[in-house]
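Heads up: the sequence lines are chains A and B, in that order.
Residue 2 is where the first sequence starts when you use my numbering, and the numbers rise one by one after that.
Residue 70 is where the second sequence starts when you use my numbering, and the numbers rise one by one after that.
It is worth saying that the hints were derived from the structure and are not from the lab.
Any given hint might turn out to be false.
[Unchecked claim] Pairs of lysine to aspartate or glutamate residues, derived as EDC-like cross-links and limited to a Cα-Cα distance of at most 20 Å, are as follows:
id, chain 1, residue 1, chain 2, residue 2
1, B, LYS160, B, GLU148
2, A, LYS12, B, GLU82
3, A, LYS12, B, ASP103
[As the list claims (entries may be wrong)] Ranges of calculated distance between the beta carbons of each label pair, as one might list FRET restraints:
id, chain 1, residue 1, chain 2, residue 2, range
4, B, ILE250, A, VAL135, 31 to 41 Å
5, A, GLY162, B, ALA390, 43 to 53 Å
6, A, ARG85, B, ASP195, 55 to 65 Å
For every residue, glycine included, the Cβ atom is placed at its ideal position computed from N, Cα and C.
Given next are the chains, with one letter for each unit.
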Amino acid sequence: MTDKAESLWKKLQLAGVLEGTVMPKPETGSPWYVRLILGVSGWIAALFLLGFVALGMEFILDSSTASITLGIGGLVAASAIFHRTLNDFYEQFGLALSFTGQALIMFGLVEWMGWEGSTPWWQIAALQLLVTAVMPNFMQRLVAGYLATMALSVALTLHGGPFIVLVLATVFVVLVWLNEFHLTGWRAPLRPMGYGVTLALVQLNGPYRIDQSLILFADHTDDFEMVLPLWAGNAATGLLLVALVGFLISRRGSGWPLQQRLTTLAATAVLALTSLEAPGIATGFTILLLGFASSNRVLNGLGIIVLLFYISAYYYNLQDTLLVKSGILAATGSVLLLARWIVLRWAFPQEMQSHE
Amino acid sequence: MGSKRSLLLDWAESGRIPRNRIDRALSVSGLYPDSQSWRRFIDRLLLWSGILALAFSVIFFLAYNWDAMGRFAKFALVECLIVAALAGYWKLGRDDIKGRVALMLAAILLGALLALFGQTYQTGADPWQLFAGWALLILPWVLVGRFPALWVVWLALINLSLLLFFSVFPKIWGLLFSAEIQLYLTLAVNTLALAIWETRARHSTWLDQRWATRLLAVAGGFAVTLLMTQTIFDWQDISIVASIVYPLWIGGLYYVYRYQIQDLFMLAGGCLSMIVIVTSLLTRALLEDGDPIGFLLIALAVIGMSAAAGIWLKHINREFAS
Chain A
2 MTDKAESLWK KLQLAGVLEG TVMPKPETGS PWYVRLILGV SGWIAALFLL GFVALGMEFI
62 LDSSTASITL GIGGLVAASA IFHRTLNDFY EQFGLALSFT GQALIMFGLV EWMGWEGSTP
122 WWQIAALQLL VTAVMPNFMQ RLVAGYLATM ALSVALTLHG GPFIVLVLAT VFVVLVWLNE
182 FHLTGWRAPL RPMGYGVTLA LVQLNGPYRI DQSLILFADH TDDFEMVLPL WAGNAATGLL
242 LVALVGFLIS RRGSGWPLQQ RLTTLAATAV LALTSLEAPG IATGFTILLL GFASSNRVLN
302 GLGIIVLLFY ISAYYYNLQD TLLVKSGILA ATGSVLLLAR WIVLRWAFPQ EMQSHE
Chain B
70 MGSKRSLLLD WAESGRIPRN RIDRALSVSG LYPDSQSWRR FIDRLLLWSG ILALAFSVIF
130 FLAYNWDAMG RFAKFALVEC LIVAALAGYW KLGRDDIKGR VALMLAAILL GALLALFGQT
190 YQTGADPWQL FAGWALLILP WVLVGRFPAL WVVWLALINL SLLLFFSVFP KIWGLLFSAE
250 IQLYLTLAVN TLALAIWETR ARHSTWLDQR WATRLLAVAG GFAVTLLMTQ TIFDWQDISI
310 VASIVYPLWI GGLYYVYRYQ IQDLFMLAGG CLSMIVIVTS LLTRALLEDG DPIGFLLIAL
370 AVIGMSAAAG IWLKHINREF AS
């Protein structure tokens, strides 16, 4: 690791992009799966802490004021722990305390205002955004990003605006991952949020879409009305894909000839048309492109999962028959292969070698 | 590439790379893919997604069971596609990515063919027979193809067959195949597959795919953790064999992936499994009376264990990196 770091440092020094001459000691950070384990453990601990409160201090859950007050106390304590950056034990304790505090606040709010309409979902989203601002902990911000996105999705679906959050979340992840290395200082919380929102996008395109179930449910009530047609959301995700490719070409393809740029854009536009019927494909491709553009394997993996989840969800989608869906998939597959041929023939006109 | 990313992120966050020079630094460092890499990526992305979309369109079509199309036409459609895919594989060869994609397409469509057969002739076959037959029939292709993703698909079919088999036949010859035995079989299949894979990977580079072995380890780890958890909570109703198997499995995982192969993901999975088991033990011991203090103690124990696991894994990560 140190050799790699020194070699990279020298390369950057020669290019004149560094500030300072002394290389800082490289830190061996934790891979994503280690953070995942710590996050899951934090959740488990929070559940037991809640159990302790529920059984040992029942009066707290019976009173909305007490519940909210204790919840806020938990969040303040967790924030203090995270700001002091003590050891790993305290960090895990802070995480469990934060999750417990948030749950207590929500218990209190529901006890006070009831669970009706979209209000509790707006409350959850607002709480998660607050948590992101005050908790300097990567896993906490990731979970907050995920929960905020899912809560907003449900809230807006109940107001007749499904897929609005899906589009906005896609815009958010595009902006975050294109500027990942610029997210320093006050922008730093956006990076873990980016992972959380990307995870939410995986679910929003998958078989366990809460908002999809809500549309079916809400459609049977008298006052439910869609403010945006479904195709608008689908078209937006397609346009985002084209915009992303256009941006990548302009930023990274400065040496590309005009023919190469136009061909790539045209192929993407044709591909984006498939998103009108199969929006999950555009979202999956967006995440995959973002991952590949910055060598981010986690995003690559999430992009593949989006595509696989989407196919699974598509099978059970009740809007069209299987015959129609089969036709759409056949057309999509043909378009994808055609786009491949166009891009390899005209955008990258070299001898086609696809060996390992 | 993971370490290069984290180095660049660290240096950007600490201001060693000024904001206005970050893009140049990323280009110079090689983090941004070059034109050749983009070409390869676009080639594979569009090829795989296009072929899989076509494969799934056939599956959706057959699942619709369209009356307007006769049975022979349906069989002809699927069989012609399989033959075309195999012809493509034969022409392109297994070293060409297009050849591998063609082989995967043939393997998927064979499953569709079997489903069509069952659907058309109402053979009364159980679902497990479809998946077991599918796995058996594609085995020669899997052996010849030397394609890790196809091996994973094949193993998934085996696992699915086992699962569905026991849902239909909980009893054989009067012997009740409890959920416990099903889990042992799942554990055995996936652990055996993992052991063979890792052993063969030392001699065959095409098998050196960490994502595949990690998937197998997750399947096996899930089964053994569930077995041990059941033993803790239902020790009076089931055997305690798991209390011998589990330590052996975890011990083996530790030895192999700490000293032989050095894979932090496996060790992390082992840590999570042990946290779950110790938490289960504590739950059993402290919560029998529903004492709220028990909840607090368990919460603190989980926090302590996960923190310890985090510290240990960071230490191991530094050891592997040096």
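Verification of the hints:
no.: 1; hint: LYS160/B - GLU148/B; result: holds (18 Å)
no.: 2; hint: LYS12/A - GLU82/B; result: holds (19 Å)
no.: 3; hint: LYS12/A - ASP103/B; result: holds (17 Å)
no.: 4; hint: ILE250/B - VAL135/A: 31 to 41 Å; result: violated (51 Å)
no.: 5; hint: GLY162/A - ALA390/B: 43 to 53 Å; result: holds (47 Å)
no.: 6; hint: ARG85/A - ASP195/B: 55 to 65 Å; result: holds (60 Å)
Checked against the numbered hints given earlier, this structure breaks only hint 4.
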